[in-house]
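When you get a sec, could you build the whole thing from the sequences and use the hints?
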Amino acid sequence: MQIKETSKEYDVVIVGSGAGGGMATKILSEAGLSIAIVEAGPYYDPANPDQMTQMKWPYDSPRRGAGTTRPFGDFDQAYGGWEIEGEPYTQKGDTNFRWFRSRMLGGRTNHWGRISLRFGPNDFKKKSIDGLGEDWPIGYDDIKPYYDKVDKLIGVFGSKENLYNDPDGFFLPAPKPRLHEMFYIKGAKKSNVKVMPSRLSILTKRINDERGVCFYCRQCARSCSVYADFSSGSCLIFPAQKSGGQIDMYVNSMVRTVTTDEEGKATGVSFISKEDKTEYKLKGKVVVLAASACSSARILLNSKSKQHPNGLGNSSDLVGKYLHDSTGGGRMAFLPELVDRKIYNEDGVGGMHVYSPWWLDNKNLNFPRGYHIEVWGGMGSPSYGSGFNVNDLNKFFGTKVGGYGDMLRTDMRKYYGSVVGMDGRGESIAMKDNYCEIDPEKVDEFGVPVLRFNYKWSNYEVNQAKHMQDTFEEIIHNMGAIPISDKAGKESNYGLTKPGEIIHEVGTTRMGNDPKSSVVNEFEQLHDVSNVFIVDAGPFVSQADKNPTWTIMALAWRTCDYIVDEFKKQNF
Amino acid sequence: MDRRDSIKSIMLGSIGFGVLLEGCVSGVGSEEVENAISKFNYGRTKTELEYDKKLFSIKCFNNHEMNTIKKVCNLILPPNEFGSIELAEVPELIEFMAKDIPSYESPIKMGLKYLDKISKSTHQKSFVECGDSEQKRFLDDMAYPNPDLDSSGQKEEVQWFSLMRNLTMTGYYTSKVGIEELGYKGNTPNIWDGVPQDVLDQYGLSYDKDWLDKCVDQSKRNETAKWDEKGNLIS
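Line by line, the protein sequences are chains A and B. Heads up, the final residue of the first sequence is numbered 572 in the numbering used here, and it's a clean run with no missing numbers. Heads up, the final residue of the second sequence is numbered 1235 in the numbering used here, and it's a clean run with no missing numbers.
Where hints are given, some of them may not hold.
[Unchecked claim] EDC-like cross-link-like pairs, simulated, lysine to aspartate or glutamate; straight-line CA separation at most 20 Å:
id, chain 1, residue 1, chain 2, residue 2
1, A, LYS400, B, ASP1141
2, A, LYS189, B, ASP1213
3, A, LYS395, B, ASP1148
4, A, LYS490, A, ASP514
5, A, LYS342, B, ASP1193
6, A, LYS363, A, ASP470
7, B, LYS1046, B, GLU1031
8, A, LYS487, B, ASP1150
9, A, LYS242, A, GLU210
[What the hints assert, rightly or not] Partner residues are not named here, just some residues of chain A that face chain B (Cβ under 8 Å, in silico):
id, residue
10, GLN51
11, PRO58
12, THR68
13, SER159
14, LEU179
15, LYS205
16, PHE388
17, LEU393
18, LYS395
[To be verified] Here are a few chain B residues that sit away from chain A, every Cβ distance over 10 Å (derived from the structure):
id, residue
19, GLU1032
20, SER1057
21, HIS1064
22, GLU1065
23, MET1066
24, ASN1067
25, LYS1070
26, SER1084
27, GLU1086
28, LYS1120
29, LYS1125
30, LYS1155
31, GLU1156
32, ARG1165
33, ASP1198
34, THR1224
No lab work stands behind these hints, which were simulated from the structure alone. Where is the CB? At the ideal position from N, CA and C, for every residue including glycine.
What follows is the structure, encoded as structure tokens:
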């Protein structure tokens, strides 16, 4: 195959344009460095009318928004999903890991839940607390200044709560709770479960003149056309371009390897253009991987050379190991008090207005780590699936289920907005035996060897999922609601989601001080190769019961400050 | 190599939809496909658009099947002052979904055949040729699932009718007329400032003062946020 090479050498080649890649682009370009961003998907701007889905109605789609082509429905802004034709992955044994990828500028930040939680002091030192996993080489104080800067740059609403392990930040004011959320507050308080305003990166108040303010359409998953939510393109990459950054963007470009020289140092990347299926090489003094935890591990493992026979940065043999996703569990309930409720616009922001941070001490429990609770419900927009099993809830009133005719209209109206649900998102333990590796027998449509997963939940996660189910049931009862479905039991691991399904996969290139037990140092720099950095969630030592995005960005910023310093010292 | 042009290129590499549409009848003219597709503008990638075009170029049901679907949908949800199955384009949705989710196709067709079979054996005519009361008598036997069984344990015709009822209800209530009838008030720029007072009163609820102090003062939403060094919002 012919390989085309650029003559230009960039200061930094960044692989991936999501949270980490976007932050690296912003910080490094503003320091005056020349940047190439290499993104596997197309260019995307949520304000582009040809790509926009915000404010569409279900009938703007011939399938009324059904999830046939996009797993979260037609209007969701993730081009990809758990399965992408031509880009397979495989499983070892009875593993069923689910790997979600979004191929577009901004990656998964265009559709994510905007839940923007800082890790707390304990989250960096869990081994010291419960003896499991590993401590991070850094602590909360190292990262706090960067969390502060991310808060101010991007904007996050929340409230000061003075909770030790859920540190406060620089918050925009929170939106008032919706009606079903007030019922949740009531029920949770009765169950001694802490409830507080949620913390989402959505602008309830202006933060600058470049971005708009939330107009409450509940559609953050469609990426905001006035840039009032955090998406990497609209909040990091476009502003970096506007402020004059030297940024070249290579879209529809699948990175195959990091290229190296005789000394084993990185020289850039090779990628395959999806447009002409040709392989190209890009030169860079520094390579920053931000392709997502598993994709970056795959690139490293595929970057074998004489100097790095086990893959790049893999002298420890730990690239791909310690893969872990959040745990998940949920339950649905019906609030009889909300039958035939008054209808008004309660769209609100794109997510819950209230949530419960982890509120217990694991010392008294049969599992080591916590979970937070997310709440959903209310009078949302009808979409494909609305009206299915329209009067199943009749069974709670002893009336007939099914039928046809005008009675169905009455039932539709009666139950509209009366269903609520809660979801637990918890911390799992990072295990060496949970990993991704290169499948020696399979390549994708570009000829690149694919990932194979090996993953098993332990009793820690299963016991935690059981606790979730017990908690949900108690809160449901205390808020005056009735659980709709059967409680998940032992045979289904208490409703524990499959690994990967919560889309918080982290840990594949974990950080540490010892090159034998970690892949990168505290500045996310490969121990083995000084000019390669990883700014996605690969370097996470542990996951916390928090969503990873805010920590990805705070760490990426800290890493970029280090990279800029090293450039100043002429170390690259 | 100048690849800046590719920035403008909106090409989604490789999501492909290798759907087998066995049994569906091909042969829709290209003009008709263009007309169908032009009604929908919802931010498709190039590959997704091609997939939609492919589905629109195929007809899944013949005229008799479409007429039977129309009749069944009208029995499930009769027209009223807000709209109708036709205005909500429910039969068109069902036809589309039978191609989009191929596992729908054969059960839907079998159910339609079954309707004709029972009406021919009882009344010597097809289902659509029967009168309303005759049609409803057939539906009465399949519209009420046995409450002691789960959905997969129901009789086949009951499962079929449940599918038709689901598709009809979702089709109607995701249409313009259906959304108006339901009264959904959102999908429009607005300012959320809490649950209306009369609704709070109805449920005997009120916001805690402590909680409200943490919430947005919507009169100041356009003032640029400023904080003191402790993170207290001061604007």
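Checked hints:
As the CA atoms of A:LYS400 and B:ASP1141 are separated by approximately 14 Å, the hinted pair is consistent with the 20 Å bound. Of the supplied pair hints, the one linking A:LYS189 and B:ASP1213 holds, its CA atoms being roughly 19 Å apart against a limit of 20 Å. Between A:LYS395 and B:ASP1148 the CA atoms are separated by roughly 11 Å; this keeps the pair inside 20 Å, and the hint holds. A distance of roughly 40 Å separates the Cα atoms of A:LYS490 and A:ASP514; the hinted pair therefore is violated under the 20 Å criterion.
The straight-line distance between the Cα atoms of A:LYS342 and B:ASP1193 is roughly 16 Å, inside the 20 Å bound, and the hint therefore holds. With a CA separation close to 18 Å, the supplied pair A:LYS363 and A:ASP470 stays within the 20 Å bound. Distance hint between B:LYS1046 and B:GLU1031 is fulfilled; the C-alpha atoms sit about 19 Å from each other, no more than 20 Å. For the hint linking A:LYS487 to B:ASP1150, the alpha-carbon distance of about 16 Å falls within 20 Å, and the restraint holds.
For the proposed pair A:LYS242 and A:GLU210, the alpha carbon gap of about 10 Å is at most 20 Å, so the pair holds. Look at A:GLN51: its Cβ gets to within about 5 Å of chain B, closer than 8 Å, so that hint holds up. Annotation: interface hint on A:PRO58 holds; nearest CB of chain B at approximately 4 Å, less than 8 Å. Taking 8 Å as the C-beta contact cut-off toward chain B, the hint placing A:THR68 at the interface holds, the least distance being around 5 Å.
Annotation: interface hint on A:SER159 holds; nearest CB of chain B at approximately 4 Å, less than 8 Å. Evaluation of the A:LEU179 hint against chain B yields a held restraint, the C-beta minimum of about 5 Å falling below 8 Å. Because the closest C-beta pair between A:LYS205 and chain B is about 5 Å apart, less than 8 Å, the hint holds. Interface restraint check: A:PHE388 against chain B, minimum CB-CB distance 4 Å, threshold 8 Å, status holds.
The criterion of a C-beta within 8 Å of any C-beta in chain B is not met by A:LEU393, whose closest approach is roughly 13 Å, and the hint is violated. This hint holds: A:LYS395 has a C-beta 7 Å from the nearest C-beta of chain B, less than the 8 Å allowed. The beta carbon of B:GLU1032 is kept farther than 10 Å from every beta carbon of chain A, the shortest such distance being approximately 14 Å. Every beta carbon of chain A lies more than 10 Å from that of B:SER1057, the smallest distance being close to 13 Å; the non-interface claim holds.
For B:HIS1064, the non-interface assignment is confirmed: its Cβ lies about 21 Å from the closest Cβ of chain A, beyond the 10 Å cut-off. Separation of B:GLU1065 from chain A is adequate, the least Cβ-Cβ distance of about 19 Å exceeding the 10 Å criterion. No beta-carbon of chain A is positioned within 10 Å of the beta-carbon of B:MET1066; the least distance is around 16 Å. Distance check on B:ASN1067: its Cβ is at least 18 Å (rounded) from any Cβ of chain A, clearing the 10 Å threshold; non-interface status holds.
The claim that B:LYS1070 lies off the interface holds: its Cβ sits roughly 14 Å from the closest Cβ of chain A, which is beyond the 10 Å cut-off. Chain A leaves B:SER1084 outside its interface by the beta-carbon criterion, the shortest separation being 12 Å against a cut-off of 10 Å. Every Cβ of chain A is farther than 10 Å from the Cβ of B:GLU1086; the closest lies at roughly 14 Å, confirming the non-interface assignment. The beta carbon of B:LYS1120 is kept farther than 10 Å from every beta carbon of chain A, the shortest such distance being approximately 22 Å.
For B:LYS1125, the shortest C-beta to C-beta distance to chain A comes to about 21 Å, beyond the 10 Å cut-off, and the non-interface label holds. With a cut of 10 Å on Cβ distances, B:LYS1155 stays outside the contact zone with chain A, its closest approach being about 12 Å. For B:GLU1156, the condition that its CB be more than 10 Å from all CB atoms of chain A holds, with the nearest at approximately 15 Å. Distance to chain A contradicts B:ARG1165 as a non-interface residue, since its nearest Cβ pair spans about 7 Å, not more than 10 Å.
For B:ASP1198, the non-interface assignment is contradicted: its Cβ lies about 8 Å from the closest Cβ of chain A, within the 10 Å cut-off. The claim that B:THR1224 lies off the interface is violated: its Cβ sits roughly 5 Å from the closest Cβ of chain A, which falls inside the 10 Å cut-off.
When the structure is compared with the earlier hints, violations turn up for hints 4, 17, 32, 33, 34 and for no others.
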